[in-house]
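Chain residues, written in single-letter form:
2 protein chains.
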Amino acid sequence: MFEQHPYGKLISAYIDQAEFPDRPSDLYDPIRYILSLSGKRIRPMLVFMGAKLFGKEDTAEVLPASIAIEYFHNFSLIHDDIMDKAPLRRGKDTVHQKWNDNVAILSGDALLVKAYQELGKCPADKIGELLVVFNQVALEVCEGQQMDMDFETMDNVAEGDYIEMIRRKTSVLLGGALQLGAILANADKVQQQLLYDFGVNLGIAFQLQDDFLDVYGDPETFGKQVGGDILCNKKTFLRIKTEELATADSRSELDLLLQGSDISDDEKVFRMKKLYAQLAVDQYAEDIKQRYTELAYNKLDEIAVSDAQKTELRILADTLMHRKR
Amino acid sequence: MFEQHPYGKLISAYIDQAEFPDRPSDLYDPIRYILSLSGKRIRPMLVFMGAKLFGKEDTAEVLPASIAIEYFHNFSLIHDDIMDKAPLRRGKDTVHQKWNDNVAILSGDALLVKAYQELGKCPADKIGELLVVFNQVALEVCEGQQMDMDFETMDNVAEGDYIEMIRRKTSVLLGGALQLGAILANADKVQQQLLYDFGVNLGIAFQLQDDFLDVYGDPETFGKQVGGDILCNKKTFLRIKTEELATADSRSELDLLLQGSDISDDEKVFRMKKLYAQLAVDQYAEDIKQRYTELAYNKLDEIAVSDAQKTELRILADTLMHRKR
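Sequence order for the protein chains is G and C.
Be aware that the first sequence starts at 0, since it is given in numbering that gives the first Met the number 0, and climbs by one per residue.
Be aware that the second sequence starts at 0, since it is given in numbering that gives the first Met the number 0, and climbs by one per residue.
Keep in mind that the hints are not guaranteed to be accurate.
Pairs count within a copy or across copies, as identical chains cannot be separated in the list.
The list that follows gives simulated cross-link-like pairs (lysine-lysine, DSS-like), each with its CA atoms no further than 27 Å apart [said to hold, decoys possible]:
| hint | residue 1 | residue 2 |
| --- | --- | --- |
| 1 | 188 | 120 |
| 2 | 84 | 97 |
| 3 | 125 | 188 |
| 4 | 91 | 120 |
| 5 | 39 | 267 |
| 6 | 8 | 91 |
| 7 | 223 | 272 |
| 8 | 125 | 55 |
| 9 | 39 | 298 |
| 10 | 309 | 273 |
| 11 | 272 | 97 |
| 12 | 223 | 273 |
| 13 | 39 | 233 |
| 14 | 273 | 84 |
| 15 | 234 | 188 |
| 16 | 223 | 8 |
| 17 | 125 | 91 |
| 18 | 84 | 55 |
| 19 | 309 | 267 |
| 20 | 8 | 84 |
| 21 | 234 | 51 |
| 22 | 91 | 51 |
| 23 | 309 | 233 |
| 24 | 91 | 234 |
| 25 | 55 | 91 |
By construction, these hints were calculated from the structure, which means they are not laboratory data.
Owing to the predicted nature of the structure, the values given are computational and were not obtained by experimental measurement.
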C-alpha cells in the first residue's frame with residue numbers, strides 16, 4: 000500500500016543500487032536476497048516522516064538513517080527465522096532454508112554491521128545521538144525476541160507481559176525509526192519522546208490487530224491462511240486472554256483443541272472462534288487495540304507542530320489501523 | 000601473560016562492574032558467562048597501547064573503545080562456536096553447548112549491539128571516525144569466517160587465499176584495535192595506517208605460529224592437545240602447503256592419513272609430521288611467519304614517534320612471537 004510513496008521509491012532506489020561485494024558469495028548473496036524480497040518498507044519510511052514532521056525536507060541527509068533501519072529490520076528477520084524455524088518469509092524461502100543456518104547467522108551479522116555503516120554516513124554532529132537511540136532499540140528488539148521464545152514453553156503468560164513482549168519485539172523499532180528522523184530534524188527531547196511514544200503505541204495496536212486479523216481477517220484479502228495462528232497453537236493475545244478467562248468448561252474445551260490431533264483444521268478454527276466469542280476475548284482484543292490506537296493519536300496531538308504537518312502521519316496511522324490485511 | 004598489566008586490570012574491572020539486566024535471563028546470562036571466561040584481553044589492551052603510542056594517557060577516554068573491541072571479540076566467539084559446532088571455549092562449555100543455538104545466536108547479537116553502545120560512549124567528536132574503522136573491521140571478520148567455512152569443503156585452498164582468510168578473520172581486529180587507539184590520540188591517517196599495518200602483519204604471524212605450535216608446541220606448556228589440528232584434518236597453513244607441494248608418493252600418504260580410520264592418533268600425528276618434514280613445510284611455515292613478523296616490525300619502525308614510546312608495543316610483539324603457548 001506504500002510501494003508508490005515517494006519515500007518508498009527513494010529507499011528502493013538506494014537499496015537497488017547498493018553494491019555488496021561478490022565474494023564471499025555465501026555472505027553477501029543472502030543479503031542481496033533478503034533485501035530483494037522488499038516488503039512494505041514502512042519502517043525506513045518512518046524515518047523520513049519523523050524528519051519531515053519537524054521540517055527537515057533534505058532527503059539526502061535522512062536517507063542513511065532510513066537505510067540503517069531497513070537493514071536492521073532485515074537482519075532481525077534473518078535471525079528470527081532461524082530461531083523460529085520458519086520456512087517462508089514474504090512467500091519465499093527464508094535465508095536459512097535456501098542456504099543453511101550458518102550462512103543465515105553470518106550474513107545476518109554482516110547485515111547488522113552494514114546497518115551501523117549506514118548510520119556512520121549520517122551528519123557527523125548527529126551520529127552520537129542517533130547511535131544511542133538505535134542501540135537502545137536494537138537491544139530491546141533482542142529482548143523482545145527472547146521473551147517471545149520464553150513464552151513458548153511457559154504455561155501462563157500474563158497479558159501485561161505479552162504487551163511488553165510485542166512492545167520490545169516490534170513496536171520500539173517503529174518508535175525508534177520516527178525518533179531518528181526527529182533527531183535529524185533537530186527536534187528537542189520532549190518532541191522526540193512524544194513522536195517515539197506515538198510510534199510505539201501505534202506499533203502495539205498494529206500487532207494486536209495482526210493477532211486479530213489472523214483469526215477474523217477476510218480470506219480474500221488477508222494474504223496468509225486465516226486461522227494459521229490457531230492451527231499452530233501460537234500464543235497470541237487472543238489465546239493468552241482465553242487462558243486467563245477460561246471457566247472450567249471452556250478450559251477443558253481449550254485443552255482439547257490445543258492437544259487434539261483428531262480434530263480437522265476447519266473444526267479447530269471454528270471451535271476456537273466459538274470459545275473466543277463465549278469469553279468475549281475478540282471484543283476485549285478490539286477494545287485494547289482501540290486503547291493503544293487512541294494513545295498513539297493523543298501523543299501525535301501533543302506534538303508541537305501544526306496540524307497540517309501531522310497529516311502524513313495521521314494518514315499512515317489510519318491506513319495501518321483500518322487495513323484489511 | 001598480560002593479566003597483570005595495568006590495562007588488563009582496567010578492562011577486567013570495567014567488565015566486572017558492567018551491569019546487564021537480569022531478564023530475559025537467557026539473553027544476558029550467556030553474555031555475563033562468556034565475558035567471565037575472560038581470556039587474555041590482548042585485543043582491548045591494544046586500543047590503550049595504540050592511544051599511548053601517540054601520547055594519549057587519559058585512560059578514561061580510551062576505555063569505551065577498548066571495551067567495544069572486547070565485546071565484539073566475544074560476540075564473534077559465541078557465533079563462531081555455533082558455526083564450528085565447538086563444544087569448548089577456554090576450557091569451558093561454549094554458549095550454544097551450555098544453553099542452545101537460539102540462545103547463542105540472540106545473546107551474540109545483543110553483545111554486538113552492546114559493543115556499539117560502548118563505541119557510542121567515546122568522545123563525541125571521534126565517534127564517526129571510530130565507527131568507520133570498527134565497521135570495516137567487523138565486516139572483514141565476517142568475511143574471514145565465511146572464507147574459513149568455505150575452505151572446509153574445497154579440494155584446494157591456495158596459500159594466498161589462506162593468508163587472506165586469516166588476515167580478515169583474526170588479524171584486522173588487532174590492527175583495528177590499535178587504530179581506534181590512534182584515532183583517540185589524534186594521530187593522522189598516515190600514522191594510523193602504519194599502526195594498523197603493524198597490527199595486521201603481527202596478527203598474521205601470530206596465527207601462522209598458532210598453526211605451527213599446534214603441531215610442534217611443547218605439550219607441557221601448550222595448553223591444548225598437541226596435534227589436535229592434524230587429528231581433526233583442519234586445513235591449517237601446514238596442511239595447505241603440504242597439499243600444494245605433495246609428490247605422487249606423499250600425496251597418497253597424505254590421502255591415507257586424511258581418510259584412514261584404522262590409524263591410531265599417535266601414529267597419525269607422527270606420520271603427518273614426517274610428511275611435513277619431507278616436504279619442508281615446517282621450515283616454510285617458519286620462514287613465512289618470520290617474513291610477516293619483520294613486516295610488522297618495519298611498520299612499527301616507520302611510525303613517527305620516539306623509539307622509547309614504541310617500547311611497549313615492541314615488548315608485546317616479542318612476547319607474542321616468542322610465546323611457547
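A quick look at each hint next to the structure:
1. In this assembly of identical chains, the alpha carbons of residue 188 and residue 120 lie at most 27 Å apart whether taken from the same copy (22 Å) or from different copies (19 Å).
2. Proximity of residue 84 to residue 97 under the C-alpha cut-off of 27 Å is found in both arrangements, the shortest distances being 12 Å within a copy and 21 Å between copies.
3. In this assembly of identical chains, the alpha carbons of residue 125 and residue 188 lie at most 27 Å apart whether taken from the same copy (14 Å) or from different copies (23 Å).
4. For the homomeric pair residue 91 and residue 120, neither the shortest alpha-carbon distance inside one copy (31 Å) nor that between copies (40 Å) is at most 27 Å.
5. For the homomeric pair residue 39 and residue 267, neither the shortest alpha-carbon distance inside one copy (32 Å) nor that between copies (57 Å) is at most 27 Å.
6. Only within a single protomer do residue 8 and residue 91 lie at most 27 Å apart by alpha-carbon distance; the minimum there is 22 Å, versus 50 Å between protomers.
7. With identical chains, the CA atoms of residue 223 and residue 272 are at most 27 Å apart within one copy only, with a shortest distance of 18 Å there and 60 Å across copies.
8. In this assembly of identical chains, residue 125 and residue 55 lie within 27 Å of each other by CA distance both inside one copy and across copies; the values are 14 Å within and 25 Å between.
9. Only within a single protomer do residue 39 and residue 298 lie at most 27 Å apart by alpha-carbon distance; the minimum there is 24 Å, versus 50 Å between protomers.
10. Taking the shortest Cα distances, residue 309 and residue 273 never come within 27 Å of each other, neither inside one copy (41 Å) nor across copies (77 Å).
11. Proximity of residue 272 to residue 97 under the C-alpha cut-off of 27 Å is found in neither arrangement, the shortest distances being 35 Å within a copy and 41 Å between copies.
12. Proximity of residue 223 to residue 273 under the C-alpha cut-off of 27 Å is restricted to the intra-copy arrangement: shortest distance 21 Å within a copy versus 63 Å between copies.
13. Only within a single protomer do residue 39 and residue 233 lie at most 27 Å apart by alpha-carbon distance; the minimum there is 24 Å, versus 45 Å between protomers.
14. Taking the shortest Cα distances, residue 273 and residue 84 never come within 27 Å of each other, neither inside one copy (30 Å) nor across copies (47 Å).
15. In the homo-oligomer, the alpha carbons of residue 234 and residue 188 never lie at most 27 Å apart, since the shortest distance is 36 Å inside one protomer and 54 Å across protomers.
16. Proximity of residue 223 and residue 8 under a CA criterion of 27 Å is satisfied intra-copy only: 26 Å inside one chain copy versus 55 Å between copies.
17. Taking CA atoms no more than 27 Å apart as the test, residue 125 paired with residue 91 passes in neither setting, with 37 Å inside one copy and 42 Å between copies.
18. For the identical chains of this complex, residue 84 and residue 55 are neighbours neither inside a copy (41 Å) nor across copies (49 Å), given an alpha-carbon limit of 27 Å.
19. Proximity of residue 309 to residue 267 under the C-alpha cut-off of 27 Å is found in neither arrangement, the shortest distances being 44 Å within a copy and 74 Å between copies.
20. Taking CA atoms no more than 27 Å apart as the test, residue 8 paired with residue 84 passes in neither setting, with 32 Å inside one copy and 42 Å between copies.
21. Taking identical chains as interchangeable, the C-alpha atoms of residue 234 and residue 51 are never at most 27 Å apart, the minima being 38 Å within one chain and 54 Å between chains.
22. Taking CA atoms no more than 27 Å apart as the test, residue 91 paired with residue 51 passes in neither setting, with 34 Å inside one copy and 52 Å between copies.
23. Taking CA atoms no more than 27 Å apart as the test, residue 309 paired with residue 233 passes in neither setting, with 36 Å inside one copy and 61 Å between copies.
24. Proximity of residue 91 to residue 234 under the C-alpha cut-off of 27 Å is restricted to the intra-copy arrangement: shortest distance 24 Å within a copy versus 36 Å between copies.
25. For the identical chains of this complex, residue 55 and residue 91 are neighbours neither inside a copy (37 Å) nor across copies (53 Å), given an alpha-carbon limit of 27 Å.
Figure legend: structure checked against the earlier numbered hints; hints not met, in rising order: 4, 5, 10, 11, 14, 15, 17, 18, 19, 20, 21, 22, 23 and 25.
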